Amino acid sequence: MYKLKLKRARRQKRPLLNLDWQPNFRWRSPALVACIPLALIIVAVWGVAAQAQDTPLTPEAVQGALNTIWVLVAAILVIFMNAGFGMLETGFCRQKNAVNILSKNLIVFALATLAYWAIGFSFMFGAEGNSFIGLGGFFLSSENPETYNLAPFPEGLPIPVFFLFQAAFAGTAATIVSGAVAERIKFVDFLIFSLLLTGISYPITGHWVWGNGLLSNIAFLGKTVDGQEVTVAFKDFAGSTVVHAVGGWAALMGAAFLGPRIGKYAADGTPQALPGHNMGFAMLGCLILWVGWFGFNPGSQLAADEAVPYIAVTTNLAAAAGGIAATITAWLAIGKPDLSMIINGILAGLVSITAPCASVSYFFAVVIGAIGGVIVVYSVLFLDRIKIDDPVGATSVHLVCGTWGTLALGLFDKELGLLTGHGVTQLIAQIIGILTVGGFTVLLSSIFWLALKQTLGIRVPEEEELKGLDIGEHGMEAYSGFLKE
Amino acid sequence: MYKLKLKRARRQKRPLLNLDWQPNFRWRSPALVACIPLALIIVAVWGVAAQAQDTPLTPEAVQGALNTIWVLVAAILVIFMNAGFGMLETGFCRQKNAVNILSKNLIVFALATLAYWAIGFSFMFGAEGNSFIGLGGFFLSSENPETYNLAPFPEGLPIPVFFLFQAAFAGTAATIVSGAVAERIKFVDFLIFSLLLTGISYPITGHWVWGNGLLSNIAFLGKTVDGQEVTVAFKDFAGSTVVHAVGGWAALMGAAFLGPRIGKYAADGTPQALPGHNMGFAMLGCLILWVGWFGFNPGSQLAADEAVPYIAVTTNLAAAAGGIAATITAWLAIGKPDLSMIINGILAGLVSITAPCASVSYFFAVVIGAIGGVIVVYSVLFLDRIKIDDPVGATSVHLVCGTWGTLALGLFDKELGLLTGHGVTQLIAQIIGILTVGGFTVLLSSIFWLALKQTLGIRVPEEEELKGLDIGEHGMEAYSGFLKE
Amino acid sequence: MYKLKLKRARRQKRPLLNLDWQPNFRWRSPALVACIPLALIIVAVWGVAAQAQDTPLTPEAVQGALNTIWVLVAAILVIFMNAGFGMLETGFCRQKNAVNILSKNLIVFALATLAYWAIGFSFMFGAEGNSFIGLGGFFLSSENPETYNLAPFPEGLPIPVFFLFQAAFAGTAATIVSGAVAERIKFVDFLIFSLLLTGISYPITGHWVWGNGLLSNIAFLGKTVDGQEVTVAFKDFAGSTVVHAVGGWAALMGAAFLGPRIGKYAADGTPQALPGHNMGFAMLGCLILWVGWFGFNPGSQLAADEAVPYIAVTTNLAAAAGGIAATITAWLAIGKPDLSMIINGILAGLVSITAPCASVSYFFAVVIGAIGGVIVVYSVLFLDRIKIDDPVGATSVHLVCGTWGTLALGLFDKELGLLTGHGVTQLIAQIIGILTVGGFTVLLSSIFWLALKQTLGIRVPEEEELKGLDIGEHGMEAYSGFLKE
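Chains as they are written, first to last, in my numbering: chain A, 257 to 741; chain B, 257 to 741; chain C, 257 to 741.
If you're looking for bench data, these hints aren't it; they were derived computationally from the structure.
Quick caveat, the model's predicted, so the values are computed rather than measured.
Careful, some of the hints might be misleading.
The list treats identical chains as interchangeable, and a pair is accepted whether it falls inside one copy or across any two copies.
[Stated by the list, open to error] Distance condition first, Cα-Cα at most 27 Å in a straight line; then the derived DSS-like pairs of lysine-lysine: (1) LYS592 - LYS709; (2) LYS643 - LYS709; (3) LYS592 - LYS723; (4) LYS520 - LYS709; (5) LYS643 - LYS592; (6) LYS520 - LYS643; (7) LYS723 - LYS670.
Chain A on its own, in the form it takes in the complex (with noise of 0.2 Å):
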C-alpha cells in the first residue's frame, strides 16, 4: 500500500559486492556476473510493483495510515500508565514493601500482555464464539480482520494495533488490582491471578460490551419523554465498567479475602493511619495517568476523527472537576487539603468521565467529574469503617467512581439520559450493565481468589508482613544504603 516500505526494503537487497558463501567462500566469484542482471530485473519488477502500489494511494488509505499512528499512539500512552500505577501505589504505601510493589506493578504488564496475546483477545473478539466468550485466532495468529469480531470498527485500522490498544486496556484491570492486596500479598498469587484475570474474566466480560457479546446483542426500546421511541444497549465508551470496573471489582474480593493489614485496626476496631512513604512518587503517578487518559479515553474512539479533541476537553475537565471538588470536600470533611485526596480526586474525575467522554456536555462533563471527586473522599472513608483495607484507594476510585461515571451516561447522555429529557431507558440498560458485568467478575474472581486461598495460600506469614514484603519475597530493600553510614 506504501510505496516508502518498499523502496526501503529495496536497499536492503541492492547487491554491490555479491559474495557466494554456500556451499564455499570465493571472493569476485562468477556469481556476481550473474546477479547483476538478476538484481536489475529486481529492481524493475520493484518499480513497477511500487508504481502498481503508488497508484492507489487515496485519501482514505492515508486516513487509513493516520487512523493506525493516532491507535498507537494512545496505545503507548496507555502502557505509559503502568509507569503511572506503579508510582502511584508504590507512593501510598509503606517504604517496607516497596520493592514488592513495584515488582508487582512492573511485571503485570508483561503477564497481560502474553495472557491477552495468548488468549485474551481470543476470548473477548474471537469471531467463532457465541454471545458469552469469543474463540478462534489465538496467539493472534490471524491477521484477517474476519477472524476477530471487528467487522464495526474502523476499515483500515490493522489488527496489531487494535490488539496493542485492547491489551494495554488489560493491562490497566489488571493494575488496578495490585494496589487493594498491596503489603500482604503473596507475590506468586498475584502473579497468577494476574494471568487468569487478563486471560480469562476480564476478556469474557468485555465481549460481552465490546464484542458484539451478550450486552451489545440485548438491545432495549423505550420511549422518551416526548413519547419518541428509542432503541438503547448498554454503552460503555471507554470502560468506566468493562476496564475499572472490572478491575475494581476484582480488588475489592482480593482485599476482602486478604483482609486488613496487621496494624490498620486498632483493638476497639477504629481504622489507623498507615501514609505512604513517598508523596512525590503518588503525585508523579497521578500527573501520569491524567496524560495517560489522554490515550485511553480519546483513543477509543479508533480512528483520528472530530470526536478525538472533543472526548480529550471532556476527559480534561471531569479531571480538573474531580480534583478541585475532592480538595474541597476533604478541606471541609478532614480539616486539611489532603494530597492523597486530591490526587484520588483528579482520578476519580477520569474514571467517572471513561464511559460518558464521548457523548455529554462539556458542563455535565465538570458535574461528572465533580461528584466523582465528591464520591471518592466518602467512599474511601465508608471503605475504611466497613474494614475493608485498600492502600490505596483502587476500590474507591475504580469500582465505586467507574460505577457512577457508568450510570452517568444514563443520566447525562446527549441524545439518551434522563436527565438531558430522554427517559430512563438508557440509565436503566446501564444499570443491567454494571450488574452483569459485576455479578460475573465478582463470582469469577471469588473463585480466582479462593482456588489461590486453598491451594498455596495469599497472604504472607505474619513475620514477613511486619519486617516487610522486600525482604521476605524479593531479598532486597528498595532505599538500600539510603542513610549514609
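Assemble chains B and C onto chain A, guided by the hints.
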C-alpha cells in the same frame, strides 16, 4: 466527515433483541416486530448518509485530521510538563515543604483548566471583544470558529483541540509562579492567584499578541539596511513573553511581596544556600520539560507541516547549548558543574528559543540557547544578591530568559533580525511588546497579590514555615515512615 | 505546500496601524496611507500564492506529512529514554553518587545533540564520503536530501526530522556508557568520551550499516535449503548492534580500563553486592524505556505504514517475555524474584528484538525476548565473576543482548533465517557485521579511553570515591537535608 465514526455508532444501535421498557416491561413484545422495519430503515438511511459523507474525503480533510491529531499530541506533551514542573520544583525545595509543592503543582492545572474554560479562553480569543480583551463564547459554549478570533488559524482545526492546547499553555504560566513563591505561601492564596492569573491576566496579555489584540494590531513600518521597507509587529511564536515572561513577572511579584524565606539571608545579608532535597526529582522534571517542549514549540505551528520538524530541531539545539553553556559557566563561576545549574541551563535554552524557534537558523538557535544558559547562571546569582528569594530560579529561567528570547528574535530572525541585516524595526517592536505585556502583568499581579495580602494574608505563620508547610497546610508528610523504626 | 502556514503568516503582517520607525518615529505618518495599497497587494499576492500551493495537496503529500509527524513523535519518545536511563542508572547506584549520575545522564544528550549536529550526522550519512565514512553537510548545513545519503529513504521525509531521530539514537549509544562507568569516572572524562563517541565512533560504524557504507555495500549470495538463491547483507533494523552493542562495547572498555569500584571485590576476589539506592527510580526508568522503545523500534520504519503496529507488537511481546523469563530465571538461580533482574529482563527483551523486530513472527519475538531475559541474568553473574564491574548491568543488557538480537535475526527472520529454513547465509552476514562493528568500536573506544587515561586520568581519587562523587565532582548532595534535623 468520517465514515468510521458512523459505523461505530451504528453498531451500538443494532437491535437483536428488543425490550420495551417504558411504560411496562415485556419480553418479546409486539414492539419487537414493529422495530424490525424501523431498524432496517435506520440502517438504510445511515448507509446513504455514510455514503454521502464518504464522498468528500479529500486530501484536505485528511490533512485537517492530521493537524488535529498533531496539535492534540502536542497539547498532551504540554500537559505532561505539569509533571516536569512538579518534580523540578519539589526536588529543588526542602523536604518539609514537599507535599505543599506537589499539591500546588497538581491542583494548579485543574484550576487553570476550569478558569480558562469558563472565562480565560474567551478573554483571549473571543471575537466579540476589542483590542484590549476578547469576549463571547464563555464556557466553550460555541463550536463555531467565528465565535473566537480564529479566522487566521488553520481551517479544519477543531475548536476543542485548540482550546486544550491553549489551556495547557495557561496552566504553564500559572505553574511557573508556584516555584518562586514556594516554601512560604499559604495554599489558599496560591489557588486564588492561579485562578486570577489563568482566568484574567494571562488571557488579556495573550489576547494582545495571539488573539488579534493590541500588539498584533499595531504594526510597524521600517527600513532594512538595504533600504527595503518592511512591516512588522511584535512576534512571539510560542510564548517566550506571552507565557514564560508573564509567568515570570507574576512569580517575581509574588516572591517580592512574600519576602525571602526564613534563613535565606544571614544577619549580615549574605544569601545562604537552602539546597533542594531530591535531585533525582529535579533531573527527571528537567527531562520531562525538555520532552514537553517538543509539544510547546513545534505544536505552536498549529498544523502538521514541514515547519514542525525544523522547530523541533532548533528547540533541541538551544536546549543542548543552554545546558552546556550553563555547565561551563557554573564550572568557571562557582568552581563545580552544579547539577541545578545544568538543569536551569537546559530550561534557559528552551525558554530562550520559544519565541524565535520558527524563524532563526540552526546556528543562531545554538547561540540563543547558549547565551540563555550563561544568563541564567548570573541571573540566579544576581537575584540572590538583591534579596529576591526564588527557591527554584523560576524568575531567572522564565522571566529573564523569556525576555532574552523575545529580544533574540529581533536580533536573529532570518527575515527581520538586526544582526541578520534587516534593521532595528523588529527589535524595537519586540521591546515594545516586552514592556507592554510586562507592565500590565506587573500591574495586575501586584493588585492580585496586594488584595490577597490585605484580606487573607499571603504568608504562613513563622512557626509553620519553620516546621514545614506539609504539616501546617496539609496535615501530612511527604516521606512518612521513611526512616524505618 | 500547506495553505495553513501561509494564512498564519499573513496574520502577522496585516498592518492596521503603521509606524515609521526608521529614521524617525511618527504616529499616523504618511506611510500609513502608502501602506494600505501595499497591504492590499500583499494580501492579493498571497491569496494567489496560497491558491497555487493548495492545488497540489495530494494524498502523497498528506502521507508525507503523516510520516514526518510519526517520525517526530518517535524521536520524542526516544529522547524521553534519556529520562529512563537517568532514573534507571541513578536508582541502581549508591546515594553518594546520585548527583554525578544524574548530571552525566542529563548533559550527555546535550553533548550528543551538538556533536552529532556538528559532525556525527555527516560522518554517518554525508553523501560525499566513501564506504568507510560519510562526509559533507556538516552542521546540518543543507536541506537538500542529496547532501546526505538518504536516497533510499522515504520521499518527503524532511531532513530535520530524520536528523532529530538519528541524534536521539546517537544519544542513546552514549548514555549506555554512563551506567557501566558510574561511581568512579571523572565527570570531565565522561563528557569528552561522549563527544568522541557520538561525534566520531558511533557515526562511522553507523555509516557502515545505515549510511550505505561498508556493510550495506557488501552483499552475500547464498543458497537456501531448498536451493533458491538469495542475496543478503548485514541487517539491523533498529540497532541491536548499531546502537546497543556499540554503546555496550564502549561501556565494556570503559569499565575494563577503570577497573572495579572500591569494595566491589572482597580480599579473596568474591564479588560483593553494592545495591542500588532507589528502586522506585529504577522501575520508573524501566517503564520509561519500555515506552520509549515504541519510538525506537516502530519509528525506525521511518514511515507511517502498516509495518509500524506490527513492529510495536513484536517489541512489546519480546519485552514481556524477557521480563517474565528473567523473573523465573532469577527465582530459580538466585532464589528470589529480584526486582533488578525483572528490570534488566525487560530491557534485555527490548534490546534483543531491536534488530529483528520487523522481520520475525510474533511467536519468535516471544522466543527471542525470553532467551534475552535468560541470557541477561547469567551474563550479569558472569561479568561479576570475571571482575568487570558494571554497576547497572549495561554491558549485559546492551552488548550481550544486542549481539544476541542481531544473531536472532539470522536465526528467525521470516525470509532469511536459518531456523525458518532459509540457510545460514544471513546468519553469517550477521556474525560478520557483529565482528566488524564490534572490533572497530573496541579499537576506537580503547584509543579514546587510553588517551584520556594518559592525559587527564579517568578515575577519581580514592578518597573522593569513598566519600561519593557528588561532593567531589559537583559540590552538592542529592538528598540534602533529607533527614530532618
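How the hints compare with the structure:
| no. | hint | in the structure |
| --- | --- | --- |
| 1 | LYS592 - LYS709 | between (40 Å within a copy, 21 Å between copies) |
| 2 | LYS643 - LYS709 | within (20 Å within a copy, 45 Å between copies) |
| 3 | LYS592 - LYS723 | between (32 Å within a copy, 17 Å between copies) |
| 4 | LYS520 - LYS709 | within (21 Å within a copy, 42 Å between copies) |
| 5 | LYS643 - LYS592 | within (24 Å within a copy, 32 Å between copies) |
| 6 | LYS520 - LYS643 | within (9 Å within a copy, 47 Å between copies) |
| 7 | LYS723 - LYS670 | neither (53 Å within a copy, 51 Å between copies) |
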